[in-house]
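Novice: One-letter residues, chain by chain:
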Amino acid sequence: MADHDGQIDADFTTLPLRDLAGTALDVARTLGADHADFRVERVRGQRIALSDGNLESLSDADDSGIAVRVVVDGTWGFASAVDLTPEAARDAARQAVEVAKVTAAMNTERIELAPEPAYGDVSWVSAYEVDPFAVSPKEKADLLATWSRQLLAHPVVSHVDASLYAVKECKFYTDGATTTTQQRVRLHPQITATAVTESGFDDMRTLAPPAGRGWEYLTGTGWDFHAELAELPELLEEKLNAPSVGAGRYDLVIDPSNLWLTIHESIGHATELDRALGYEAAYAGTSFATFDKLGQLQYGSPVLNVTGDRTAVHGLATVGYDDEGVAGQSWDLISGGVLVGYQLDRRMAVLKGFGRSNGCAFADSPGHMPLQRMANVSLRPAENGPSADDLIAGVENGIYILGDKSWSIDMQRYNFQFTGQRFYRISNGRLDGQLRDVAYQATTTDFWNSMEAVGGPQTYLLGGAFNCGKGQPGQVAPVSHGAPAALFRQVRVLNTTQEGSA
Amino acid sequence: MSEASGTGKAAPRRPAAGGKKTAVSAPQTTVEQALAVARADGEMVVIADETSTANLRWAGNTLTTNGVATSRALTVISIDRRADGTAGVGAVTRSGVTADQVEDLVREAEKSAAEASPAEDVQELVPPGDLTLSEFYTHYNTAYNDVDRAGFSVFRGFAAQLGDTLRAAEGAGRKLYGFAEHGVTSTFVGTSAGVRLRYDQPAGRLELNAKSADLTRSAWAGAATRDFTDVDVAALDAGLAERLEWQARRVDLPAGRYETLLPPTATSDLMIYLYWSAGAREAAEGRTVFSKTGGGTRVGERLSPVPAELFSDPGYAGLECAPFVIAHSSGRDSSVFDNGLAAGRANWISSGVLNTLHSSRFSAATAGLPVTPAVDNLIMSAPGASASLDSMIASTKRGLLLTCLWYIRLVDPQTLLLTGLTRDGVYLVENGEITGAVNNFRFNESPVGMLGRLIEVGATQKTLPREWGDYFNRAAMPALRIDAFNMSSVSQAS
Chain A
965 MADHDGQIDA
975 DFTTLPLRDL
985 AGTALDVART
995 LGADHADFRV
1005 ERVRGQRIAL
1015 SDGNLESLSD
1025 ADDSGIAVRV
1035 VVDGTWGFAS
1045 AVDLTPEAAR
1055 DAARQAVEVA
1065 KVTAAMNTER
1075 IELAPEPAYG
1085 DVSWVSAYEV
1095 DPFAVSPKEK
1105 ADLLATWSRQ
1115 LLAHPVVSHV
1125 DASLYAVKEC
1135 KFYTDGATTT
1145 TQQRVRLHPQ
1155 ITATAVTESG
1165 FDDMRTLAPP
1175 AGRGWEYLTG
1185 TGWDFHAELA
1195 ELPELLEEKL
1205 NAPSVGAGRY
1215 DLVIDPSNLW
1225 LTIHESIGHA
1235 TELDRALGYE
1245 AAYAGTSFAT
1255 FDKLGQLQYG
1265 SPVLNVTGDR
1275 TAVHGLATVG
1285 YDDEGVAGQS
1295 WDLISGGVLV
1305 GYQLDRRMAV
1315 LKGFGRSNGC
1325 AFADSPGHMP
1335 LQRMANVSLR
1345 PAENGPSADD
1355 LIAGVENGIY
1365 ILGDKSWSID
1375 MQRYNFQFTG
1385 QRFYRISNGR
1395 LDGQLRDVAY
1405 QATTTDFWNS
1415 MEAVGGPQTY
1425 LLGGAFNCGK
1435 GQPGQVAPVS
1445 HGAPAALFRQ
1455 VRVLNTTQEG
1465 SA
Chain B
461 MSEASGTGKA
471 APRRPAAGGK
481 KTAVSAPQTT
491 VEQALAVARA
501 DGEMVVIADE
511 TSTANLRWAG
521 NTLTTNGVAT
531 SRALTVISID
541 RRADGTAGVG
551 AVTRSGVTAD
561 QVEDLVREAE
571 KSAAEASPAE
581 DVQELVPPGD
591 LTLSEFYTHY
601 NTAYNDVDRA
611 GFSVFRGFAA
621 QLGDTLRAAE
631 GAGRKLYGFA
641 EHGVTSTFVG
651 TSAGVRLRYD
661 QPAGRLELNA
671 KSADLTRSAW
681 AGAATRDFTD
691 VDVAALDAGL
701 AERLEWQARR
711 VDLPAGRYET
721 LLPPTATSDL
731 MIYLYWSAGA
741 REAAEGRTVF
751 SKTGGGTRVG
761 ERLSPVPAEL
771 FSDPGYAGLE
781 CAPFVIAHSS
791 GRDSSVFDNG
801 LAAGRANWIS
811 SGVLNTLHSS
821 RFSAATAGLP
831 VTPAVDNLIM
841 SAPGASASLD
851 SMIASTKRGL
861 LLTCLWYIRL
871 VDPQTLLLTG
881 LTRDGVYLVE
891 NGEITGAVNN
901 FRFNESPVGM
911 LGRLIEVGAT
921 QKTLPREWGD
931 YFNRAAMPAL
941 RIDAFNMSSV
951 SQAS
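Quick note, the sequences are listed as chains A and B, same order. The letter at position 66 of the first sequence is residue 1030 when you use this note's numbering, and the numbering goes up by one with no holes. The letter at position 60 of the second sequence is residue 520 when you use this note's numbering, and the numbering goes up by one with no holes.
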């Protein structure tokens, strides 16, 4: 039984949310806004960091405020304020309208929003059992310290960095037709063991992904930390003694703990319609998957099936309703290897005639205007598909990659490079010890077209990140990506030590 | 497992705003109020941040988003000293705190400190010291009012100028994309040891990206500014139009190592990463590029044959920043106990030699290095270096000229190997002339290794870091000529 009983925190719901909204929306409409929406947010974050089992940092921050977004004569205006008072709501509404009027001279594209059914006054709470903020910081730090000391007891481990980032997001939205009150919780635990030797150093981090779960995630639900931590020192020791990879082309079997990030960068961002249309061109970039390629582009092999969703249980991008009052949905982005969809907000949906938004508007704080942000973008496993061992069995000379580490991709989402936490040589269908210094580098469509097989549901894992960046002013968004293990043929592998030698 | 107190019924520590008087005090008053209600035997650091921002964004010659925002945050750091010499620390930040909520926040921080495990960086709080004679002490008592805030009014003149530039670009067949942002953060620091300091930090930037109508050519320019009075958007656009003309002739080059000219923005993005990686503690622990094999740090080791300087200076003209430590939470080389500690000029690299690493008092002691707090700006220079980028192009026999770098990430911390992309214009220089635009590349390079292959340092100028400008935008850098810059593969992106 969930300790919160599916209820949103009373100290948020008892705020004068609807009174403030009424004040702001009335002022905005009186001053000429054709559309106005209003948010109240409280985002609470707690960071705990330990170094070698000692408390390095414990901080707890709560960011609250109101936001008013308007459309006046076809131009956006946005203003936010920190005080939850009628005066602040009134002033923010006035400022938003004023901003729209000042900037109207620069605007040549009339803002229109796709229609969405009115849902009335509704609420939604994410799937978690124990509110992490109801657990004392000391209990959290003590658990991390216990884990750190356990790792430090192994002779190969010189240092242990352990951290936990917990977030609780309470959000109220109304546009007059739909009013939503939502609460979601997420956790990101990370433990890294470092070995310092006579010749240098190396490290290995837990593969446990960040998750839309509560404190139960660290105590046995959804991940077995004890098992992972127990094997980490010996895995690190093996890595230290592993041979350096020879640069060249290899078949790769990629674990979902690594593949989620490749999906994020090369499919997630590439299928954002605002990017494809150029709205992010100066900053995050555009996309090679331009709108004219919809329904045409052979993005990958026929086994590439990718969905976008805001509904996956424990997904970091999962919501009941987005920040424009659009209900959470699931839809196809790539089907049978062909590009068939995009991620949309209400503005983008109108621009290209999609009819309805698929619910990807999100603002990371009350101080920011919602943008089209990433849904959970996930690679579908093959029904009755192979295990990771089965995939490995089909490789003569290859590498098995687990865990994410370094990542980078260009501004059109063509050229990428990723490293990982662990790499195993595959020789004649069997794992043959770890390798070091591996990075894989490819062009997006070459890579996904080289995917020969995807694993079955038994290999599926929901990975993700808290800190996907986009937009100016910069915003961060949490997002999950599910994937099975998958087999890729003849991908370019670099030796990172050679890359760094002059 | 803790006994979970249901979220629907607990949380007594955050008072509901509804129905209560919600008076907002001056930030200094709030700091003093918090210190005054602190437990008599406790120690405390209180930081009040008042932030205001305004922004404009455009794409394809039209406005896309805009906005104004204000925020007010209060951080209370309570220190619970214990008989065994250890101390627990509780750091709690809340936005929008009103006068009637201050005491609750103090109690919450004290409760957190009392329950906390011992903090590893425990020190005495910093005494007021010489800064009591400084303008930053006096300024603490200056009234904070709307005059200090950034508003949309900063863009009134600029928006009109930008509108003209967008229309001119449309007429000329160019598409303009970009972002303008202005903000001011006023920070008030008070401690139970008597520190009272204030710093007002204005920050602004303009980024302008021009593309040909078919989007196959792209050029970028950026400027960091404190107040937008020194920004000429039409001149920036004219420079970009010239760059797009340079791209009329396309030359495809393969991956490989090239003599490369890095303009100041590209230099800044690589040097900022080096700076972020130059912490004392991890270097002493043997786990950074600045660790000496077998123990200790590389301080004193020559990194470059060129007598280059890399330093931070809170008084550097046009890049002014806080000359004292402001730490809302502790980190590897920062400490809440150091709040108010003077942070002056720090020479990270002197005459090509690694001179010191940034540190808190705690991490400096751990590393056996002098205490050198990080400062929020970065400058690179070389004695007598005065060459402009144009003159460096003119003296190039064959090489690449970059515009900027993008998506820079760490690949190997042992060498500080970074990967990333070139963006918005790579040019082939032959016999002192730009002879065409080259495809983009993915690079794999270490800024530390690169210093060892430094051939020439140009004149230092203020620049906007393209990659890191969101987090770090006070930089003055030279153009650099690097031998054998590693372009690892070709990127099809344009």
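It is possible that some hints are incorrect.
Using C-beta positions, here's what the derived DEER-type ranges look like [unchecked claim]: (1) B:Pro578 to A:Thr1185: 37 to 43 Å; (2) A:Gly1438 to B:Ala701: 26 to 32 Å; (3) A:Thr1183 to B:Asp590: 48 to 54 Å; (4) B:Ala628 to A:Asp1085: 22 to 28 Å.
In silico lysine to aspartate or glutamate, DMTMM-like type, Cα no more than 20 Å apart, as pairs [claimed, not checked]: (5) A:Lys1102 to B:Glu580; (6) A:Lys1102 to B:Asp544; (7) A:Lys1065 to A:Asp990; (8) A:Lys1065 to A:Glu1076; (9) B:Lys922 to B:Asp712; (10) A:Lys1065 to A:Asp969; (11) A:Lys1257 to A:Glu1195; (12) B:Lys571 to A:Asp1106; (13) B:Lys752 to A:Asp1167; (14) A:Lys1065 to B:Asp624; (15) B:Lys571 to A:Asp1167; (16) B:Lys752 to A:Glu1162; (17) B:Lys922 to B:Asp544; (18) B:Lys922 to B:Glu575; (19) B:Lys752 to A:Asp1166; (20) A:Lys1102 to B:Glu568; (21) A:Lys1102 to B:Asp687; (22) B:Lys571 to A:Glu1076; (23) B:Lys922 to B:Glu769.
Output of the computed footprint for chain A on chain B, the stretches with three or more beta carbons under 8 Å from beta carbons of chain A [as the list claims (entries may be wrong)]: (24) 612 to 618; (25) 663 to 671.
Keep in mind the hints are simulated off the structure, nothing from the lab. Please read all numbers here as calculations on a predicted model, not as lab measurements. Ideal Cβ placement from N, Cα and C applies to all residues, glycine included.
Novice: Does each hint fit the structure? Answer for all of them.
Specialist: Do the hints match the structure? See the list:
no.: 1; hint: B:Pro578 to A:Thr1185: 37 to 43 Å; in the structure: violated, 30 Å
no.: 2; hint: A:Gly1438 to B:Ala701: 26 to 32 Å; in the structure: holds, 28 Å
no.: 3; hint: A:Thr1183 to B:Asp590: 48 to 54 Å; in the structure: holds, 50 Å
no.: 4; hint: B:Ala628 to A:Asp1085: 22 to 28 Å; in the structure: violated, 49 Å
no.: 5; hint: A:Lys1102 to B:Glu580; in the structure: holds, 15 Å
no.: 6; hint: A:Lys1102 to B:Asp544; in the structure: holds, 19 Å
no.: 7; hint: A:Lys1065 to A:Asp990; in the structure: holds, 18 Å
no.: 8; hint: A:Lys1065 to A:Glu1076; in the structure: holds, 16 Å
no.: 9; hint: B:Lys922 to B:Asp712; in the structure: violated, 32 Å
no.: 10; hint: A:Lys1065 to A:Asp969; in the structure: violated, 45 Å
no.: 11; hint: A:Lys1257 to A:Glu1195; in the structure: violated, 46 Å
no.: 12; hint: B:Lys571 to A:Asp1106; in the structure: holds, 17 Å
no.: 13; hint: B:Lys752 to A:Asp1167; in the structure: holds, 17 Å
no.: 14; hint: A:Lys1065 to B:Asp624; in the structure: holds, 17 Å
no.: 15; hint: B:Lys571 to A:Asp1167; in the structure: violated, 36 Å
no.: 16; hint: B:Lys752 to A:Glu1162; in the structure: holds, 10 Å
no.: 17; hint: B:Lys922 to B:Asp544; in the structure: violated, 50 Å
no.: 18; hint: B:Lys922 to B:Glu575; in the structure: violated, 47 Å
no.: 19; hint: B:Lys752 to A:Asp1166; in the structure: holds, 15 Å
no.: 20; hint: A:Lys1102 to B:Glu568; in the structure: holds, 14 Å
no.: 21; hint: A:Lys1102 to B:Asp687; in the structure: violated, 45 Å
no.: 22; hint: B:Lys571 to A:Glu1076; in the structure: violated, 50 Å
no.: 23; hint: B:Lys922 to B:Glu769; in the structure: holds, 15 Å
no.: 24; hint: 612 to 618; in the structure: holds (count 3)
no.: 25; hint: 663 to 671; in the structure: holds (count 4)
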